[in-house]
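Visitor: Protein sequence lines correspond, in order, to chains A and B. When the count follows the working numbering, it moves up by one through the first sequence with no breaks and lands on 145 for the last residue. When the count follows the working numbering, it moves up by one through the second sequence with no breaks and lands on 145 for the last residue.
One should not assume that every hint holds.
For identical chains, the list gives no copy identity; a pair is met inside one copy or between any two copies.
[Stated by the list, open to error] Within a straight-line C-alpha distance of at most 25 Å, the following computed SDA-like cross-link-like pairs (lysine to any residue) qualify:
(1) K75 to P1
(2) K135 to R120
(3) K135 to P86
(4) K135 to A110
These are computed hints drawn from the structure, not numbers from a lab. It should be emphasised that the depicted structure is a prediction, and the values quoted were computed from it without experimental measurement.
2 protein chains.
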Amino acid sequence: MNLPRQPGCELCEQPGGVLVHQGPEWRVVRVVDAAFPGFYRVIRQGHVAEFTDLDAAARRQGMEVVAVVEQVLRDLLQATKINLASFGNVVPHLHWHVIARFGWDSHFPQPVWGQALRVVDPPPERRLPVTLEALDARMAKALDAQPAAGD
Amino acid sequence: MNLPRQPGCELCEQPGGVLVHQGPEWRVVRVVDAAFPGFYRVIRQGHVAEFTDLDAAARRQGMEVVAVVEQVLRDLLQATKINLASFGNVVPHLHWHVIARFGWDSHFPQPVWGQALRVVDPPPERRLPVTLEALDARMAKALDAQPAAGD
């Protein structure tokens, strides 16, 4: 597949997080954010800005990758809610945020991008029922098994 | 179709905005927000909380409704970027925010849920190239023509 690249685009030039799955059309990375440890990104391989820059088949495929990530977060983290978002205001390269939210987290019930509502102690990562390594491993396995995430 | 309802759920009991399309599985409303006039919601008919509470066919259908809304915003508003998000932290009933963003808007490039970065004058609605009535009318027409938005 010929992947268009945009010089200077952060997500064309860098992984965008800890790589957990590399498919031909989508990759999945874990975002390193101490406040939100169950935070992954589904990133389009190749530069497009908007969801509707993809055709229906590519949109479907991308959302099925998002669904796999969401399901693993639900299965392993006992999250209060999963948040999904595609903005791209700062880096206009199509990527989906998939974020496990908890009633105790610093911003809940507000989105993670606003002001913190509380200090969280002990730190979020220690509150998760699994380690990030175990979470990444299960995520990678689920994505490898998902047809939409492959070719 | 039998639609599950949750007593006390705001989106089970109210439209959630100005109704522009009513389909059997999804409705579309315009959010009345002076700061963000090009702001619609795609709301699941019937109560489910998470994207992965739907099966793959229903997910695909919902995202195609989102794509129609996005495309109309792109076609009519010359937006800088379209933002898509499904949170449900406050009202855990599946709904997608589809928001036209502009370089001049009060929060750009931040998400709309944080602190305003600037005062916008003249007001946003007067800066749009079309009226909200014209936008709603085009949205309704595009949704009526989209198979995924119907039955």
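Visitor: If a hint holds in the structure, say so; if it doesn't, say that too.
Guide: Right, here's what the structure says about each hint:
In the homo-oligomer, the alpha carbons of K75 and P1 lie at most 25 Å apart only across protomers (19 Å), although the nearest pairing inside one protomer, at 36 Å, exceeds that limit. In this homomeric assembly, K135 and R120 come within 25 Å of each other (Cα to Cα) only inside a single copy, at 23 Å, whereas the closest approach across copies is 51 Å. Taking the shortest Cα distances, K135 and P86 never come within 25 Å of each other, neither inside one copy (29 Å) nor across copies (29 Å). Taking the shortest Cα distances, K135 and A110 never come within 25 Å of each other, neither inside one copy (33 Å) nor across copies (41 Å).
When each numbered hint is compared with the structure, violations occur for hints 3, 4.
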